[in-house]
Amino acid sequence: MNKNSSNIMALAPNTSNKRETVCIFGTGDFGRALGHKMIQSGYSVVFGSRSAQTSGLIPKDAEVLSHTEAAQKAAIIIIAIQRQHYNFLTQLAEILHGKVLVDVSNNLKINQYPESNAEYLAQLVPGAKVVKAFNTVSAWALQSGTLDASRQVLVCGDDKEAKQMVMDIVRALGLTPLDKGSLLAAQEIENYPLQLFPMWKFPILLSLGLVTFFFFYCLIRDVIYPYVYEKKDFSFFIAISIPNRICPILALILLALVYLPGVLAAIIQLYRGTKYRRFPDWLDKWMLCRKQLGLVALAFASLHVLYTLVIPIRSYVRWRISSQTISQALNNGTEPLNTTNAWLSDSYLSLGILGFFLFVLLGITSLPSVSNNVNWREFRFVQSKLGYLTLILCTAHALVYGRNRFLNPSSYRWYLPNAYMLSLIVPCIVLVVKFVLTFPCLDKPLTQIRQGWERKPQYSE
Amino acid sequence: MNKNSSNIMALAPNTSNKRETVCIFGTGDFGRALGHKMIQSGYSVVFGSRSAQTSGLIPKDAEVLSHTEAAQKAAIIIIAIQRQHYNFLTQLAEILHGKVLVDVSNNLKINQYPESNAEYLAQLVPGAKVVKAFNTVSAWALQSGTLDASRQVLVCGDDKEAKQMVMDIVRALGLTPLDKGSLLAAQEIENYPLQLFPMWKFPILLSLGLVTFFFFYCLIRDVIYPYVYEKKDFSFFIAISIPNRICPILALILLALVYLPGVLAAIIQLYRGTKYRRFPDWLDKWMLCRKQLGLVALAFASLHVLYTLVIPIRSYVRWRISSQTISQALNNGTEPLNTTNAWLSDSYLSLGILGFFLFVLLGITSLPSVSNNVNWREFRFVQSKLGYLTLILCTAHALVYGRNRFLNPSSYRWYLPNAYMLSLIVPCIVLVVKFVLTFPCLDKPLTQIRQGWERKPQYSE
Amino acid sequence: MNKNSSNIMALAPNTSNKRETVCIFGTGDFGRALGHKMIQSGYSVVFGSRSAQTSGLIPKDAEVLSHTEAAQKAAIIIIAIQRQHYNFLTQLAEILHGKVLVDVSNNLKINQYPESNAEYLAQLVPGAKVVKAFNTVSAWALQSGTLDASRQVLVCGDDKEAKQMVMDIVRALGLTPLDKGSLLAAQEIENYPLQLFPMWKFPILLSLGLVTFFFFYCLIRDVIYPYVYEKKDFSFFIAISIPNRICPILALILLALVYLPGVLAAIIQLYRGTKYRRFPDWLDKWMLCRKQLGLVALAFASLHVLYTLVIPIRSYVRWRISSQTISQALNNGTEPLNTTNAWLSDSYLSLGILGFFLFVLLGITSLPSVSNNVNWREFRFVQSKLGYLTLILCTAHALVYGRNRFLNPSSYRWYLPNAYMLSLIVPCIVLVVKFVLTFPCLDKPLTQIRQGWERKPQYSE
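Protein chains in written order, with the working numbering: chain A, 59 to 519; chain B, 59 to 519; chain C, 59 to 519.
Some clues are possibly wrong.
Beta-carbon label-pair distances, calculated as ranges [claimed, not checked]:
(1) C/Leu388 <-> B/Leu444: 31 to 39 Å
(2) C/Leu388 <-> A/Tyr473: 41 to 49 Å
(3) C/Lys131 <-> B/Val269: 53 to 61 Å
(4) A/Trp472 <-> C/Leu504: 52 to 60 Å
(5) A/Lys131 <-> B/Thr126: 52 to 60 Å
(6) A/Arg330 <-> C/Leu504: 53 to 61 Å
(7) C/Leu495 <-> A/Arg330: 53 to 61 Å
(8) A/Phe271 <-> B/Phe273: 25 to 33 Å
DSS-like cross-link-like pairs, simulated, lysine-lysine; straight-line CA separation at most 30 Å [stated by the list, open to error]:
(9) C/Lys443 <-> A/Lys167
(10) A/Lys218 <-> C/Lys218
(11) B/Lys218 <-> C/Lys218
(12) C/Lys218 <-> A/Lys131
(13) B/Lys259 <-> A/Lys443
(14) C/Lys443 <-> C/Lys259
(15) A/Lys443 <-> B/Lys218
(16) A/Lys343 <-> A/Lys492
(17) B/Lys443 <-> C/Lys259
(18) B/Lys218 <-> C/Lys131
(19) C/Lys343 <-> B/Lys443
(20) C/Lys118 <-> B/Lys502
(21) A/Lys118 <-> A/Lys259
(22) B/Lys118 <-> A/Lys502
(23) A/Lys167 <-> C/Lys502
(24) C/Lys502 <-> B/Lys343
(25) A/Lys343 <-> C/Lys443
(26) A/Lys502 <-> A/Lys492
(27) C/Lys343 <-> A/Lys118
FYI, nobody ran anything at the bench for these hints, they're computed from the structure.
Source: prediction; values computed, not measured.
Ideal placement from N, C-alpha and C gives every residue a C-beta, glycine not left out.
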């Protein structure tokens, strides 16, 4: 669906050299890749280098001069040098005065230096207009023209004119500039390409831990127990049956963990009688990764749906059903329809379907392009009202699935209850506490507190 | 998938106070929340208040002064007061002259006042540069740092410089400004947070009505009728069987209703011989909610798919199949394969799968981020060509499902036809009329009319 | 989910005529539609026409004057004339001096003229500030208010002020301007609305070819062969069984074709010892449509999932299972559970489920709004690491499905191997070569080459 017209442009560049001259300091990989791309897009490019000799690696249409000469030829100078070598620029301060310096550098670690590279550059050459840009695109992508990933170039800088000039170059290269404001944003922009899903770490580690626990729990109950007592080999349960136990359990627990911090926050606020004190740090962090927790829960729920729907295709299930039918046939009789069973089976399936449907809806509204088109009131409605409805439906799905097994001693093996019973603890707690919080005697003060009212107004943070 | 790097920033703010001073009039909940957030982001904040005493609720790094004193300290003044109290600002007109006033107010109802609050403010203080902003974010979200919903801040104003200054603040708070143009857009921006899915009301009410009707229709035919005549208790059909009848019926009817207004519009244009007259109001409104109608239809189609795929897991279905097998076994015989039946069963399933697949494709292309990457010609191709193909496949799916039951008297109970027959009326009408409209004798004049030709060109709107 | 508040605006326009006067040259369909919309949005509109007589088609609130008179009334003149009639504007050069001319024209073919219409206009009237805009919206959509498709208006121009004025009009009409930079971008903007999924052509043609081949291949093996040798009529296999063979084969082949060019590129770079030479043209084009190839593969995989999940509902399958059960019952015996079979059946299903799950994840991250929120490192992680894992899982799924049939002569009919064996060739090659490339003796030099190192550094492109 996404059109890549600018990709084509990259291959069949507009060669009419109408654009201005740009100077690049540094003939390393990124400098050369950027130079290549700029020449393709119609710019004249001058490289500034210590040894002003034409290296074989330099794009053939580019000139290579000394730093001083190169800087004089252009209004915009791209500093494609590593931060540790910035010092020499102080000697060029006079020539660089009034020029636009584009800092494209990246660090190796998040927050490696106290100030961002761009701010450091601005301190070294106070007379120049420093703009941070291009650090979020890769040399390899520029070179090969295969910019599959984000075409966004984050740009920041204190001088509006300079920023505008850089954003025009970004557009000319077929990329999309995104103005992030003043040079203060440089630190954030420099940290950005070093991140690897920072908000996903906790949800993924948590679910890995839970998966491991429940895997061995189910292995003991469903494979080792029947092997020990009945000498039956159910080791193939590892492929589908056990995953299909773990997935719904994790989906339900993680979904409940999405709504637990909100309930805890309400209790803390009621207890403190004010909303003007920070929550404990762990609660803050937990609240910030609720979306990710919910999406991981949705992933497990989707796997559960797929694992459930292939049940009738499994050769073990076909064998079991056919054995039952044959043994009934050999006994010359058909059992009558058990209406209660039909009710329970159909309603637990129906609850599951509706719960999953709402869950997918929640997932769709969390897509950035959808949630950007939704106002705060609508977002609250979907994430809170529909979210709790999803939790209620999924919990009911698990409860009806359990039916009367809760009190049945045969469902305890080695004193271990069925795994899904464990999964019901957190969701039930969340739903009960949430239900209690809707009582007027608690809901009214809570609403007041959230509107800014304080029980002891003399309290000052 | 969405990175929340700015969320982290909210918790570990940049405390180097390099930014300018901002004044906030009003120490209510929203003013304080905004002040908090601004201090976290490095701004100096001065509150303007009637009683210039430090209240316990004010963020501790902020100063509280009288309105006059506070206004003198900053170039930007955020008016966090309710519209009814704006009057007193006329007395400060002299001090506010040339300042940027940011109107953050919201109303309680859509179009509550004849002019927007921001325009009213601009009238009261003619010398100031009024900018509308921040009304779309919630105090609670600002306070807690959990901005899960849209980070977009809609901004409008007549003065470009002033707007730019406000947009820089928005960016500094980790939010995304969206320039909506001149102050005329303020009314729209003020109405925005009050909406609750306005375009979805009609499709959802319509489908609720249809769901209720078809629920009772199927209840009578499938549960009450067999109970009365055969004393059979099929009440458990309410859980899956009846929803699985209602969902496909609604999906088909709503999908046809997406294409019906286009067909009606064509007929009206052909009849009038011009495209330069407005359609009747109801048709205009109907055309505007076609996307929502289609998405609701897709939701019902998805539920239908899930309800259909769990059929072999249902305990009732397992019982029925096993009974049939046993009775055949007891009669010592296997029925031969009925090839016609196999053909019909397979082709109706296949038509349904292909129809649903195209339907999901239509749904994906209606995601804002996808449709923004598609040009008008491509969008028309997908929504019109693929859309009609979907309708044809889904209608064929229902027709083949029906097979020869249409004329079979046993499928009428209490003179009520099978519910899916009713669902075929609208789609068949749409497809027949659309087919007739492709005849050259109608298609040619229609194309001409749509290109601006008029049958009676003297007609003037 | 998408709110269409501006749609409502279109129907209930702000009639307070506060906005400036805009002149439109040309009273054709698009000019009139734009005029209508502008009047609705509060602009005064003056049409410039050769015959200054009020035509019945002109919006009734608009004035029609001669070109000269009309141009004098406004600072912005929209040129809604076809390119071949631009010549007469040279006579008006004096009046148009300093005015903003908006070129809204489109061509009939991509790259119809050597220079874009907007650049041609700028050459004809050198004193005017030319801005390209509005060519991506349709007259019909403007007229009817039903802007379902993209609301984006691509804008470019050399004069910043002029561009800003045009972008303000775009916003006032309820559309979203997108600044594409200088007038050089006009060619790209003019080609944009003429495209019909250019990047999708190759993947779709390729898969159509493969579908045709495998359809006849399977028809011969699965329908004609049993008919010739066993006189069995399996023609109904065309509806589900054969599609369900073709879909997984195409999904697997196309997925492997997504990763093949990357492997080829690595081999070429290793052989050449440099990354500074362009790849052959066919490889470049192939790399650019990898995303589309992958999405087509995902579409086939989704169809395969749906076709597989309806298997137990098919009347043929029910008949076959029931026949087997009956024949076992008549032989008075139940076969014991074959644990190996249970293992194989469960593990091939499980591999398929996990592969499909990761595949859908890859598809979601390729949505524009998601991939824009992901940095380069994360995108590489998802598309490369998760992508190869998907390929491995899907290939394993097909291998386990095949089990020991590979060497079984009965699975060859007329010397034709089972179709899925053919599908395994490309993925196995890709995986083996990729595995070889991870050996340190190859991986190390490749990494160096990609960081800019050259084996023969004297080489100059």
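Each hint, compared with the structure:
| no. | hint | in the structure |
| --- | --- | --- |
| 1 | C/Leu388 <-> B/Leu444: 31 to 39 Å | violated, 51 Å |
| 2 | C/Leu388 <-> A/Tyr473: 41 to 49 Å | holds, 45 Å |
| 3 | C/Lys131 <-> B/Val269: 53 to 61 Å | holds, 57 Å |
| 4 | A/Trp472 <-> C/Leu504: 52 to 60 Å | holds, 53 Å |
| 5 | A/Lys131 <-> B/Thr126: 52 to 60 Å | holds, 54 Å |
| 6 | A/Arg330 <-> C/Leu504: 53 to 61 Å | holds, 59 Å |
| 7 | C/Leu495 <-> A/Arg330: 53 to 61 Å | holds, 59 Å |
| 8 | A/Phe271 <-> B/Phe273: 25 to 33 Å | violated, 43 Å |
| 9 | C/Lys443 <-> A/Lys167 | holds, 22 Å |
| 10 | A/Lys218 <-> C/Lys218 | holds, 13 Å |
| 11 | B/Lys218 <-> C/Lys218 | holds, 13 Å |
| 12 | C/Lys218 <-> A/Lys131 | holds, 24 Å |
| 13 | B/Lys259 <-> A/Lys443 | holds, 17 Å |
| 14 | C/Lys443 <-> C/Lys259 | holds, 27 Å |
| 15 | A/Lys443 <-> B/Lys218 | violated, 40 Å |
| 16 | A/Lys343 <-> A/Lys492 | holds, 21 Å |
| 17 | B/Lys443 <-> C/Lys259 | holds, 17 Å |
| 18 | B/Lys218 <-> C/Lys131 | holds, 24 Å |
| 19 | C/Lys343 <-> B/Lys443 | holds, 28 Å |
| 20 | C/Lys118 <-> B/Lys502 | holds, 28 Å |
| 21 | A/Lys118 <-> A/Lys259 | violated, 45 Å |
| 22 | B/Lys118 <-> A/Lys502 | holds, 28 Å |
| 23 | A/Lys167 <-> C/Lys502 | holds, 23 Å |
| 24 | C/Lys502 <-> B/Lys343 | violated, 63 Å |
| 25 | A/Lys343 <-> C/Lys443 | holds, 28 Å |
| 26 | A/Lys502 <-> A/Lys492 | holds, 14 Å |
| 27 | C/Lys343 <-> A/Lys118 | holds, 24 Å |
Comparing the model with each numbered hint stated earlier shows that hints 1, 8, 15, 21 and 24 do not hold.
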